[in-house]
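Go ahead and model the full structure; you've got the sequences and the hints to work with.
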Amino acid sequence: MAISEHLPAAAKAAPKPRTLRTGTTWVGRNLPWLTLLPTGILGAVFIYGFIALTIYTSMSASKLIPDYTFVGFEQWVKLWSMRRWGIAVNNLFVFSGLFIAIATVIGLVLAILLDQRIRHEGTIRTVILYPMALSFIVTGTAWKWILNPGLGIESLLHDWGFVEAQFDWLVRRDRAIYTVVLAAVWQSSGFIMAIFLASLRGIDPSIMQSAMMDGASTWRIYRRIIIPQLRPAFFTAVVILLHMAIKSYDLVIALTNGGPGTATDLPSTFMYDYAFDRSRIAIGAASATMMLFTIAAVIVPYLYSELRSHNRSRTS
Amino acid sequence: MKFLRTTTALIASGTIALSAATSAMAEGKLDIIHWWTSGGELAGIELLRSNIEAQGIEWIDAASAGGAGTNARTLFRTRVQAGDPPAVMQALGTEVNEWAETGILGDLTALAEEEGWYDLVPEPLHPFMNVDGSTVAVPAVWSQINWVWGNKAIFDEHGVAVPQTWDELVAAAETFKAAGITPIAHGGQPWQDTAIFDGILVSFDDPDFYRKVAFEQDRETLEGPMFREAMERLRWYSQQLDEGSPGREWTQAQAMVLNGEAAMSWMGDWAKGWRVAQGQQAGVDFICFPTPGSNDMFVWLADFFFFPKIEGEADNAAQQAFASAVMEQQFQHDFSLIKNGLPVRTDVDNADWDDCTRDSIARAERANARGGLVASLGFAHSARSDVQGVFRDTLSEFVNTPDMSVDEGIEILIDGLDSL
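Protein chains in written order, with the UniProt record's numbering: chain A, 1 to 316; chain B, 1 to 420.
I should point out that these hints are in silico values taken from the structure, not numbers from a laboratory. Careful: at least some of the hints might be erroneous.
Taking lysine-lysine and the BS3-like style, the derived pairs with C-alpha atoms no more than 30 Å apart in a straight line are [unchecked claim]: (1) LYS144(A) - LYS177(B); (2) LYS63(A) - LYS309(B); (3) LYS78(A) - LYS212(B); (4) LYS212(B) - LYS63(A); (5) LYS152(B) - LYS177(B).
What follows is the structure, encoded as structure tokens:
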């Protein structure tokens with residue numbers, strides 16, 4: 001892209017245009033393809049090649065080291081009969097559903113509030129965006145201390161005299177997954193706000209003014225005019241949040257390490273444990289493949305519908 | 001401190017390399033992957049290193065800390081697949097057997113016979129050193145797991161004697177609870193939940209029961225009354241903990257006992273190593289006793305080094321030199337003192353040990369005489385890592401789910417084992 005833009009300028013400036021004129025030599029004609037070729041090869045091998053290898057491994061007898069004896073869907077059947085895998089999949093839906101919904105809503109609300117031309121906007125924006133600068137390991141560790149009943153909020157409330165206060169979600173099997181949501185939302189909402197804010201700034205203020213002249217309430221303007229225009233921003237936000245949710249690994253490791261027990265296991269932590277700790281590479285590969293399919297099942301139709309509507313609006 | 005030690009080691013190795021070069025005896029190299037990167041364990045590695053380097057062998061260190069060896073294992077696996085295995089790899093329990101079955105390990109049988117290893121090393125360790133008649137690994141140190149560490153001041157203050165039976169333990173815990181002290185400090189991580197279950201399994205003082213559960217996963221035994229009782233004891237144990245225990249590191253749990261927030265804690269003998277490093281003294285600041293009921297039982301785990309097949313005579317000689325260095329009497333004596341584990345040779349002088357270690361060695365002998373010297377389930381010595389993984393998942397879930405019934409726990413466990 002960059003090269004093809006620069007080439008004509010270079011050709012004009014050169015004293016002997018013939019040698020550099022594009023379109024006449026073989027190299028010149030094929031330059032765009034040649035430029036893309038290394039990326040293409042690397043992508044084919046390291047993305048699609050390894051995806052294929054992982055899928056094949058999941059159908060092999062691999063245990064401690066890869067063993068490419070084909071065993072069909074045996075490992076998949078085993079995987080789906082595992083209680084712990086069931087917990088991990090269930091957690092993935094709970095976690096990603098809540099995480100995406102809450103982070104999007106909070107991000108949008110913060111963006112709309114910040115968009116009211118308030119004072120010190122720059123400072124506030126930085127403060128809200130700041131958690132994004134931390135790694136998930138740091139976020140996880142900090143929230144682990146904050147939420148630990150013996151160290152954090154609960155113990156603080158006890159020290160202040162509220163001895164009945166209870167906030168022990170982190171150590172409760174049935175609640176721990178929500179603490180992971182909490183920490184992830186805290187980390188990511190600011191970033192989502194930045195996406196929405198950029199998008200809001202791109203909306204022509206005169207639309208808002210004319211709607212106001214027509215007597216529409218602010219709520220109505222946002223609901224019927226502004227938010228529908230943010231559709232591309234929603235698309236970006238959801239895709240980013242979804243892949244963060246499915247890839248989530250470090251946050252869980254730092255915050256709960258999959259515990260209490262296996263209560264906050266996610267497919268990613270499950271996969272690591274089976275592939276690297278328990279010498280069950282085929283089961284690990286099967287779970288990794290399931291994660292890929294899960295992402296694909298959600299992202300591909302979404303991508304398809306969004307891009308199609310985008311193309312349609314461009315052609316019409 | 002660490003820097004200083006490394007520097008000294010570097011200078012030392014430099015001098016040795018020089019003298020070796022002049023005498024022209026420098027041959028071979030030793031490429032080693034391990035995860036002993038701090039404290040007494042690092043000191044042990046340094047002892048081996050200076051021994052090996054004094055023989056003119058180049059020591060190539062690929063230490064990989066973190067994840068309790070997981071990172072080192074990943075590194076090893078990668079190098080095996082790339083066709084470039086190291087000369088030495090560290091391993092726990094059945095990992096040795098799993099790798100031996102892939103056929104990539106070399107054979108040290110000649111050396112083992114020459115030095116008489118099998119006469120020196122306690123018999124229960126043999127199945128991990130010798131796979132199908134060939135010697136593939138050497139044990140470096142081993143540890144008793146069924147230990148309880150108590151705060152002596154708290155026990156004395158409340159007039160609680162060392163509990164000998166499970167009922168006495170329950171009574172002691174009631175006393176501590178009434179005084180507002182957490183009876184047991186526990187680190188609620190899956191590996192720790194499983195480790196303390198080793199202690200519960202031997203608290204019945206029945207070698208046969210342990211064997212049927214940990215080695216054979218005999219379904220009838222798992223559905224029988226004694227295993228039910230074991231799960232009841234685990235449930236009781238889970239009720240003696242403070243609410244902050246899930247996810248806690250084992251060192252933090254030890255610190256709670258040291259600070260007097262909790263009366264006792266269950267952990268292998270490395271917890272004593274940690275205490276000694278904090279300046280505590282056995283019998284003065286803390287007391288040690290086996291998990292109640294297991295005075296004649298001994299659950300152990302051991303660290304091994306195994307030796308992949310590699311090319312080159314000089315490098316093979318280096319592997320043998322390393323194996324000899326690990327088995328050497330002096331090293332076994334020194335290392336067991338620094339790491340606070342037990343020597344793997346039975347002929348090591350016991351003059352320098354404290355009461356806990358002496359007690360431990362006496363227990364190992366008593367237990368061995370009656371078949372009660374048993375390999376750990378929690379650390380995948382009595383069964384492979386996939387079987388141990390099912391126990392770990394189930395027990396950890398059970399400990400952390402207060403309303404899960406014993407029957408439900410046993411059912412989940414058996415289902416998990418069946419699905420392997």
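Distance restraint between LYS212(B) and LYS63(A), which requires alpha-carbon spacing of 30 Å or less: holds (25 Å)
Given pair status - LYS177(B), LYS144(A), alpha carbons within 30 Å: Given that 30 Å is the threshold and the Cα spacing comes to 27 Å, the pair holds.
LYS152(B) paired with LYS177(B) [C-alpha distance capped at 30 Å]: holds (16 Å)
Satisfaction of hint between LYS309(B) and LYS63(A), Cα-Cα up to 30 Å: holds (21 Å)
Given pair status - LYS212(B), LYS78(A), alpha carbons within 30 Å: Satisfied, since the Cα-Cα distance of roughly 25 Å is no more than 30 Å.
In this structure, every one of the numbered hints holds.
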